[in-house]
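Peer 1: Which chain is which? The protein sequence lines are A and B, in order. My numbering numbers the first residue of the first sequence as 6 and each following residue consecutively. My numbering numbers the first residue of the second sequence as 164 and each following residue consecutively.
Hints listed in this document are in silico derivations from the structure and should not be mistaken for laboratory results. Hints should not be assumed to be uniformly reliable.
[Claimed, not checked] Once the Cα atoms are required to be at most 25 Å apart in a straight line, the calculated DMTMM-like pairs of lysine to aspartate or glutamate come out as:
| id | chain 1 | residue 1 | chain 2 | residue 2 |
| --- | --- | --- | --- | --- |
| 1 | A | 148 | B | 425 |
| 2 | B | 471 | A | 65 |
| 3 | B | 229 | A | 105 |
| 4 | B | 229 | B | 382 |
| 5 | B | 237 | A | 22 |
| 6 | B | 237 | B | 382 |
| 7 | B | 229 | A | 104 |
| 8 | B | 187 | A | 104 |
| 9 | A | 61 | A | 104 |
| 10 | B | 415 | B | 403 |
| 11 | B | 477 | B | 403 |
| 12 | B | 477 | A | 104 |
| 13 | A | 148 | A | 130 |
| 14 | B | 229 | B | 271 |
| 15 | B | 477 | A | 36 |
| 16 | A | 148 | A | 22 |
| 17 | B | 187 | A | 22 |
| 18 | B | 471 | B | 271 |
| 19 | B | 237 | A | 105 |
| 20 | A | 127 | A | 144 |
| 21 | B | 408 | B | 191 |
| 22 | B | 471 | B | 270 |
| 23 | A | 148 | B | 416 |
| 24 | A | 128 | A | 50 |
| 25 | A | 148 | B | 228 |
| 26 | B | 258 | B | 468 |
| 27 | B | 477 | A | 65 |
| 28 | A | 61 | B | 416 |
| 29 | B | 229 | A | 65 |
| 30 | B | 477 | A | 144 |
| 31 | A | 61 | A | 80 |
| 32 | A | 148 | B | 475 |
[Stated by the list, open to error] Which residues of chain B face chain A? A partial, calculated answer using Cβ under 8 Å:
| id | residue |
| --- | --- |
| 33 | 178 |
| 34 | 196 |
| 35 | 224 |
| 36 | 225 |
| 37 | 228 |
| 38 | 233 |
| 39 | 234 |
| 40 | 237 |
As the structure is a computational prediction, the values presented were derived from the model and not from experiment. Every residue, glycine too, gets a C-beta built ideally from N, C-alpha and C.
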Amino acid sequence: MAAVYMRRLGKELREIETEAPPAGLRLLKADDFDTWIFQIEVLGDSLYRGERFALKFRFDNTYPFSAPAVQFVVDSQMRAPVHPHVYTNGHICASILGEDWSPTLSVISVCITIQSMLASCKKKELPEGNDTYVRTAPDNPKKTHFVYDDDTV
Amino acid sequence: MGKNNVQDLLNNADIQDPFDFSQKILQDLDSAVRCKICSELYAAPVVLACGHCFCSLCARSQLSEKEACPACWKPATEDQLRINPAMEEAVIAWKAARAFVVRLATDDHIRQMRPQTPELRPTKKRRMSPASDSDIEMLEQPAAGPSTPRKPTKRPSSPAQPRPKSTARSRSSEPPVDDKLIDCPACAHRVHMDKINQHLDSGCKLPPSTVTTSAKQKDAWSKIFSGETRKKGKDRTGDDAPLPKVSYAVLKEKQIRELLAEHDLPTTGERSLLIARHQRWITLYNANLDHHPSQRRRTAELRTELRKWEDDRKAITKRGTAKEVAQAVNLTQHQRDNKAEFAVLVARARPKKATVAVSTSSGLAELDADGCSSPPVDKEHDLDASDTQVDMTIVDPDAPRPKESAILVE
Ligand SMILES: [Zn+2]
Ligand SMILES: [Zn+2]
Ligand SMILES: [Zn+2]
Numbered sequence: 006m007a008a009v010y011m012r013r014l015g016k017e018l019r020e021i022e023t024e025a026p027p028a029g030l031r032l033l034k035a036d037d038f039d040t041w042i043f044q045i046e047v048l049g050d051s052l053y054r055g056e057r058f059a060l061k062f063r064f065d066n067t068y069p070f071s072a073p074a075v076q077f078v079v080d081s082q083m084r085a086p087v088h089p090h091v092y093t094n095g096h097i098c099a100s101i102l103g104e105d106w107s108p109t110l111s112v113i114s115v116c117i118t119i120q121s122m123l124a125s126c127k128k129k130e131l132p133e134g135n136d137t138y139v140r141t142a143p144d145n146p147k148k149t150h151f152v153y154d155d156d157t158v
Numbered sequence: 164m165g166k167n168n169v170q171d172l173l174n175n176a177d178i179q180d181p182f183d184f185s186q187k188i189l190q191d192l193d194s195a196v197r198c199k200i201c202s203e204l205y206a207a208p209v210v211l212a213c214g215h216c217f218c219s220l221c222a223r224s225q226l227s228e229k230e231a232c233p234a235c236w237k238p239a240t241e242d243q244l245r246i247n248p249a250m251e252e253a254v255i256a257w258k259a260a261r262a263f264v265v266r267l268a269t270d271d272h273i274r275q276m277r278p279q280t281p282e283l284r285p286t287k288k289r290r291m292s293p294a295s296d297s298d299i300e301m302l303e304q305p306a307a308g309p310s311t312p313r314k315p316t317k318r319p320s321s322p323a324q325p326r327p328k329s330t331a332r333s334r335s336s337e338p339p340v341d342d343k344l345i346d347c348p349a350c351a352h353r354v355h356m357d358k359i360n361q362h363l364d365s366g367c368k369l370p371p372s373t374v375t376t377s378a379k380q381k382d383a384w385s386k387i388f389s390g391e392t393r394k395k396g397k398d399r400t401g402d403d404a405p406l407p408k409v410s411y412a413v414l415k416e417k418q419i420r421e422l423l424a425e426h427d428l429p430t431t432g433e434r435s436l437l438i439a440r441h442q443r444w445i446t447l448y449n450a451n452l453d454h455h456p457s458q459r460r461r462t463a464e465l466r467t468e469l470r471k472w473e474d475d476r477k478a479i480t481k482r483g484t485a486k487e488v489a490q491a492v493n494l495t496q497h498q499r500d501n502k503a504e505f506a507v508l509v510a511r512a513r514p515k516k517a518t519v520a521v522s523t524s525s526g527l528a529e530l531d532a533d534g535c536s537s538p539p540v541d542k543e544h545d546l547d548a549s550d551t552q553v554d555m556t557i558v559d560p561d562a563p564r565p566k567e568s569a570i571l572v573e
């Protein structure tokens, strides 16, 4: 019996393969149960018009009880979007990837959320403290304890 | 994993999902009896205080991390879980009927795809013959007829054990047929449940597993499975009382070991492992009780599962650190196994691609971006308006935003 997380990911993959993924998303790589990569672009009017990014997911067997490690790919070809929640090393500060993760979310729903996060951005700017963070950040963004400051009052 | 790689591959063939159907209405029906956490047909379904339903094990595993419903975030605790016998019955009935419905649906789908010609005939006939009314036309259509012999789909559903007619909870619990193969705790080969003790006593007669477990602990587990420690503990299968939670903080390590010994579980390892093992045992044990007695697994099987869980837990810790140090340098056996299993899943997924695609939406979480207005759920995401998934996850709309930066943990 395959591990629970593989069965769950297998089903997610089958849905992606059977149905086309939502507009603006394309599966680039899913060769194993460890790492998947999606191409993500924001369609319609947004600050990121015409830009393409790669979103990388890393899983272990705590999935889906704990969130996958999700970040933008930053390498010789790809850059992370300039966004107040996205560090230049590709790490993303989004509560659904941390304390607000729910096991009923899926890889596609994470992609859509990130897409929406970009679509609704009003000003392209780097997160505060980007340089410090990037200098000291661990490889795996899940090792980072992002501090969310709820000042929506 | 290691040794039973091939078995894993074979067993992957039993993975079923809504996309076994090409018709959206049947996909939705199949989804409706699936847990939103594991995507499997509900196993021992339970409802939370909010009314959302999950497999008992999924719900308990989640609630031990966070005491809230993963679908609606309303507060929820393990004590509030209630079994859902109606849903369990629906799942058992659906399991029994599923392969048949897949076959009917496939036949129907193929017929729909055929060129128009055969369909023209009945219509024409009706127009020409005054005696022919709609009733007759219906009879002429080979709908749902078993007359078209087709080989069943490659993945027939496992025959579900018919549930006893009586609603009374019987004490005797013969496990379902397909549950009788279990992983040998020592060599990880699939072994028939009834043979497991003989198999272990024979020293497995097979090369030892490559699973990384300290020799001592493996030994402790083997002893348990060979029944050496049996006399002390009582086999509690059939006992309907759930195990109570334990406040480990007030217990001495020796007392925790005694708790484990009571259930014939290994007492090796350090305190944190002992506690984790006992907690997981309670979760597995209580989740098993949420099955109808005819669907419950034997205590021996639960021990096998606990053992597997412990191995996985170790694997995570190791992989985690290894990944940090040298990412993707060499594949561990585990990863290689994953690759093979993955290939099978992908192979399964691809041939289906040609079938009619009806879009379903996945749960969408909204996120309030810093300085950005709340994102509209726009048409671009191609969300199906007729989405029937009740368990849409709504993440707190006033989602937190990052403070100045991030703090490193560890
Ligand atoms: Zn489940
Ligand atoms: Zn709920
Ligand atoms: Zn009742």
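Peer 1: Are the hints correct? Go through all of them and say.
Peer 2: Taking the hints in turn, this is what the structure says about them:
1. 148/A - 425/B: This hinted pair is violated, its Cα atoms lying about 37 Å apart.
2. 471/B - 65/A: Satisfied, since the Cα-Cα distance of roughly 15 Å is no more than 25 Å.
3. 229/B - 105/A: 10 Å, holds
4. 229/B - 382/B: 34 Å, violated
5. 237/B - 22/A: Roughly 33 Å separates the two Cα atoms, so the pair is violated.
6. 237/B - 382/B: 44 Å, violated
7. 229/B - 104/A: 10 Å, holds
8. 187/B - 104/A: 34 Å, violated
9. 61/A - 104/A: Holds, because 19 Å separates the two Cα atoms, which is no more than 25 Å.
10. 415/B - 403/B: 28 Å, violated
11. 477/B - 403/B: 31 Å, violated
12. 477/B - 104/A: 23 Å, holds
13. 148/A - 130/A: It holds: about 24 Å lies between the C-alpha atoms, which stays within 25 Å.
14. 229/B - 271/B: Not OK: residue 229/B and residue 271/B at ~45 Å, beyond 25 Å, violated.
15. 477/B - 36/A: The hint holds at about 24 Å.
16. 148/A - 22/A: Distance ~31 Å between residue 148/A and residue 22/A Cα, so the pair is violated.
17. 187/B - 22/A: Cα-Cα ~16 Å, so holds.
18. 471/B - 271/B: The given pair, whose Cα atoms are some 42 Å apart, is violated under the 25 Å limit.
19. 237/B - 105/A: 13 Å, holds
20. 127/A - 144/A: Roughly 29 Å between the alpha carbons, so the hint for residue 127/A and residue 144/A is violated.
21. 408/B - 191/B: The given pair, whose Cα atoms are some 38 Å apart, is violated under the 25 Å limit.
22. 471/B - 270/B: Violated. Residue 471/B to residue 270/B sits at ~41 Å, over the 25 Å cutoff.
23. 148/A - 416/B: 30 Å, violated
24. 128/A - 50/A: Measuring from Cα to Cα gives roughly 13 Å; hence the hint holds.
25. 148/A - 228/B: Satisfied, since the Cα-Cα distance of roughly 17 Å is no more than 25 Å.
26. 258/B - 468/B: Holds: residue 258/B and residue 468/B sit about 23 Å apart, inside 25 Å.
27. 477/B - 65/A: 12 Å, holds
28. 61/A - 416/B: Judged against 25 Å, a Cα distance of about 42 Å means the pair is violated.
29. 229/B - 65/A: 19 Å, holds
30. 477/B - 144/A: 21 Å, holds
31. 61/A - 80/A: Answer holds: residue 61/A to residue 80/A is near 12 Å, not above 25 Å.
32. 148/A - 475/B: 20 Å, holds
33. 178: 6 Å, holds
34. 196: 14 Å, violated
35. 224: 6 Å, holds
36. 225: 6 Å, holds
37. 228: Interface hint status for residue 228/B: holds (6 Å vs cutoff 8 Å).
38. 233: 4 Å, holds
39. 234: Where the cut-off is 8 Å and the nearest Cβ of chain A is about 5 Å from residue 234/B, the hint holds.
40. 237: It is violated, given that the least Cβ distance between residue 237/B and chain A is near 12 Å, above 8 Å.
Violation of the numbered hints given earlier is confined to hints 1, 4, 5, 6, 8, 10, 11, 14, 16, 18, 20, 21, 22, 23, 28, 34 and 40; the remaining hints are satisfied by the structure.
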